[in-house]
Amino acid sequence: MDEEFDVIVVGAGFGGPIAAKICAEKGLKTLLLERSENVGDKVISGLTIPFYGFLFGPDFIRDGNPPFERPSDGIINYIIKDIEKGDIEIDDSLRVPKPFSPVIAFGYNTYCKPFCEWEVKKAIDAGVILKKSTTAIDVIKEDNYIRGIITDEGEYIRCKIVIDAEGSKGLLAIKAGIRKKYKPETISLADVYDYIMPKEFIDKIFGYSVKMCWGWDEQKIAPPLGYGNGLMVWPYRNSLHFMQDQCLRKNGNMVTNLTNYFKEYHRNITEKLPWWKTLVAPHAELRARMWAGFEIYVGLNKNLRIMANHTNGMILIGDAAGLESTELCDGVPAAWFSAEIAANIAIEAIKVNDTSKSFLEKYDRKIKEHPIIQWSISGKNRYNLRIAQEEHDLKKLKEYIHNGWGLGALTHFMTPFFKILLSYVYKDPTIITKWIKMFFRYFQNWLFETYDHPGEKKIKKIPSKKLRKMERRFMRFLILIDTFLKALKKIRKVFSFILVPFSNSLNNFMIKALPIIEPVYLFILKIFNPILNRLSKKILKFVENANPIVFQN
Amino acid sequence: MVRTFKEFPGVEWVEKTGDFIKIDENKCIGCMNCVKVCLAGCFEMVEKKAKIKSLEKCMECASCWYVCQEEAIIFTWPSGGTGYRCDWG
Numbered sequence: 000m001d002e003e004f005d006v007i008v009v010g011a012g013f014g015g016p017i018a019a020k021i022c023a024e025k026g027l028k029t030l031l032l033e034r035s036e037n038v039g040d041k042v043i044s045g046l047t048i049p050f051y052g053f054l055f056g057p058d059f060i061r062d063g064n065p066p067f068e069r070p071s072d073g074i075i076n077y078i079i080k081d082i083e084k085g086d087i088e089i090d091d092s093l094r095v096p097k098p099f100s101p102v103i104a105f106g107y108n109t110y111c112k113p114f115c116e117w118e119v120k121k122a123i124d125a126g127v128i129l130k131k132s133t134t135a136i137d138v139i140k141e142d143n144y145i146r147g148i149i150t151d152e153g154e155y156i157r158c159k160i161v162i163d164a165e166g167s168k169g170l171l172a173i174k175a176g177i178r179k180k181y182k183p184e185t186i187s188l189a190d191v192y193d194y195i196m197p198k199e200f201i202d203k204i205f206g207y208s209v210k211m212c213w214g215w216d217e218q219k220i221a222p223p224l225g226y227g228n229g230l231m232v233w234p235y236r237n238s239l240h241f242m243q244d245q246c247l248r249k250n251g252n253m254v255t256n257l258t259n260y261f262k263e264y265h266r267n268i269t270e271k272l273p274w275w276k277t278l279v280a281p282h283a284e285l286r287a288r289m290w291a292g293f294e295i296y297v298g299l300n301k302n303l304r305i306m307a308n309h310t311n312g313m314i315l316i317g318d319a320a321g322l323e324s325t326e327l328c329d330g331v332p333a334a335w336f337s338a339e340i341a342a343n344i345a346i347e348a349i350k351v352n353d354t355s356k357s358f359l360e361k362y363d364r365k366i367k368e369h370p371i372i373q374w375s376i377s378g379k380n381r382y383n384l385r386i387a388q389e390e391h392d393l394k395k396l397k398e399y400i401h402n403g404w405g406l407g408a409l410t411h412f413m414t415p416f417f418k419i420l421l422s423y424v425y426k427d428p429t430i431i432t433k434w435i436k437m438f439f440r441y442f443q444n445w446l447f448e449t450y451d452h453p454g455e456k457k458i459k460k461i462p463s464k465k466l467r468k469m470e471r472r473f474m475r476f477l478i479l480i481d482t483f484l485k486a487l488k489k490i491r492k493v494f495s496f497i498l499v500p501f502s503n504s505l506n507n508f509m510i511k512a513l514p515i516i517e518p519v520y521l522f523i524l525k526i527f528n529p530i531l532n533r534l535s536k537k538i539l540k541f542v543e544n545a546n547p548i549v550f551q552n
Numbered sequence: 000m001v002r003t004f005k006e007f008p009g010v011e012w013v014e015k016t017g018d019f020i021k022i023d024e025n026k027c028i029g030c031m032n033c034v035k036v037c038l039a040g041c042f043e044m045v046e047k048k049a050k051i052k053s054l055e056k057c058m059e060c061a062s063c064w065y066v067c068q069e070e071a072i073i074f075t076w077p078s079g080g081t082g083y084r085c086d087w088g
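Chains X and B, in that order, give the protein sequences.
Sequential numbering of the first sequence, starting at 0, is according to numbering that gives the first Met the number 0.
Sequential numbering of the second sequence, starting at 0, is according to numbering that gives the first Met the number 0.
The following block holds chain X by itself, in its conformation from the complex:
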C-alpha cells in the first residue's frame, strides 16, 4: 500500500472497530487490519457483555441495535460440595429482581462473530477502510517512533498512530518494546463448547440466567486444581455456550497436563452434574468445540498493571493492554472504554501533530482514572478462591463466591459505578432515559430478532387504546425524568457537596449494611413474588406489543 494513513487499528475484534470508527468520523484516514479472512472468525469466548459496557460505552452501541443471543438477568452459582451425592448449594442473589427482569438486563449474551461484524459495518459506514486476511507481523520503527506496520506480505503501511487491538497475546506490543510476554500464571486457557438446544428447553431450564459452578478439587469438575477458575454455562437463543477454564500454571508450580484434565472435567460435568445430566443432556447436541487463551490476572500484579500502554506513535487497547476483567473474565466493556479513550487521544495528537510518548501519556492517565476499568481489572475474589480450596474452607469459598458473583459484589462495585454514573449524568442529563429506552429496545429486538431492521417487527394486531395509553404514559414518564435531571444539573454544584462524598463512601456503607439489607431484600422479594411476577408479565406484554418508535432515541 503506497497510501499513508492517519491511524492504523490492528485487530477487528470488540475494541478495534470502535477506535477506528471514532477516528474516521473525525475525518482521519483510518485503516482497520484483520488477520482472519472474515471478521470474527477467530474471536472465541463465552460471553455476557455486562450492562455497564452498554451504559458507559460508545454512544452508537447504546443508541443502536446490536445483535445478541439472549438478555441475561444475572448469575446462579452452584457450589458443588459433593457431586456424587448431589450435595450442591446455590447462591443466586445477584439477579435483577422482578418486575425489572428480564427487560432490564444484567448483560447480553452474544456470539462474538455477529457482534464484531456489526461493529465493523458501523466503522466502514463511517469511512474506515477494512483490510482483511492481513497479519501485522511487525511495526515500522524510525527515530524511536512507531510509524506504521509491516504485513506478512512484506508491505510497509505507514501512519501517524498505530492503535493496537490485537488481543491478549500482544505480539506487536512486544515488537514495539512496550510489553513483555506475560507469565503463565496470568493466562487462562478456556475450553469452550457450543451445544445446540431448542429454545423452549432453554427458556424452561435457564430462563435468562447464566449458570456458574464452583467446587473442590476432588470433585474434578470446577474449578480444576484450585486455580481459582470455574465453569460457566450461558444460555443463548437456540444454544448453550459452555466454558471451563484453567490457568496455565500456579505459583511457579509444574505445568499440568491440560488435555487430560479438560477431558476428564468435561466428562464429569456432563455425566454427573444433576441438572446437566437430567435436564440438558437429553436435548443438547454438540455443535462446536474450540479453545482460546486469555490473560486473567494481569491487573492483580502491580508491576504488570503499571506497565505503559503507549509509546511514541502507538497506543494499546483492550486485552492488548491487559484490561481483561479478573473476575468476570470479560474484556469487552474495558475494550470499548479504552478504544474510545484511545481514539479521542489519537485525534487530539494528530491535530496538534504530537504523537510522542509524553503526549500519549494522557491515555494511560485516563485509563488509570477510569473507575470501572480499574474496578474490573483489580477484583480478587476469583484469585482468592484457590486459597479457600486449598484450605478446604467452605465458609471462605462461599464468601468469595458471594462477593464475586453474588450480591456481595455491591461492596466493591457501588462506588466505581456511582462515580461514573454521576459523571455521565452531569455531562448529559437525558442519558438516564436513553439507558431506559436502550433496555426496552434491546429486549424488543431480541424478541423479534429485528436488531438493525426495526421495520421488520411483526405487529400482531392493531394496537388497542389501552396499549396506546401505556405508550403515552411511558413517554411521559421519560419526559418527567429528563425534566427533573435537567433541573438538577443547574444546581449540580450544590449537589456535588453531597454526592461526591456519598459515592466515595458507598462501598464502605455496603460492607457494613449489606448483612442487614440482603436478608430483608431477599425476604421482600419472596413475599411479593406473585405480585412482582404479574407486574413483570405486564411489562413484558407492553414491550412485546409497543410501537418500536417509543424506544428509539
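Note that these hints are calculated values from the structure, not bench results.
Just so you know, not all the hints are guaranteed correct.
Unchecked claim - Cβ pair distances, simulated, as ranges: (1) B:Lys-15 x X:Gln-551: 42 to 50 angstroms; (2) X:Asn-37 x B:Glu-55: 16 to 24 angstroms; (3) B:Phe-4 x X:Lys-301: 38 to 46 angstroms; (4) X:Glu-347 x B:Lys-5: 50 to 58 angstroms; (5) X:Lys-361 x B:Lys-47: 50 to 58 angstroms; (6) X:Asp-353 x B:Phe-4: 20 to 28 angstroms; (7) X:Lys-536 x B:Lys-5: 58 to 66 angstroms; (8) B:Met-0 x X:Glu-270: 32 to 40 angstroms; (9) B:Lys-15 x X:Pro-273: 26 to 34 angstroms; (10) X:Lys-301 x B:Lys-47: 53 to 61 angstroms; (11) B:Met-0 x X:Leu-521: 56 to 64 angstroms; (12) B:Lys-15 x X:Ser-377: 38 to 46 angstroms; (13) X:Thr-258 x B:Lys-47: 40 to 48 angstroms; (14) B:Phe-4 x X:Asn-37: 17 to 25 angstroms.
Glycine included, every Cβ here is placed at the ideal spot set by N, Cα and C.
Since the structure of chain X is already known, use the hints to place chain B on it.
What follows is chain B alone, placed relative to chain X:
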C-alpha cells in the same frame, strides 16, 4: 484448502499458514510443558526434545509459548486469512 476434524466439530482450518510456531532446538530442555498444554496435540518428544508434529489443528492460543520458560518457542501469527476459523465463538 480447508480441513475439519471429527474431535473438534464446528471449526475449520485453512491451509498455508506458514511455520508460525517454531522451536529453537538449542534452547529446548525437553521439559514437555508445550506437550502438556497443547489441546491440539501439535507437539511430540523426539530424543528428549520437543518437536512440532503438525500445526494442522492449532487454535493459536499461544499456551505453548507462554509455558516455555527457556524461550525456545517462537510464536507468530499464521499468514493472513489462514489458520482456524469458527462461527460459534
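(request) Check each numbered hint from earlier against the structure, then list the numbers of those it violates in ascending order. (result) 6, 7, 9, 10, 13
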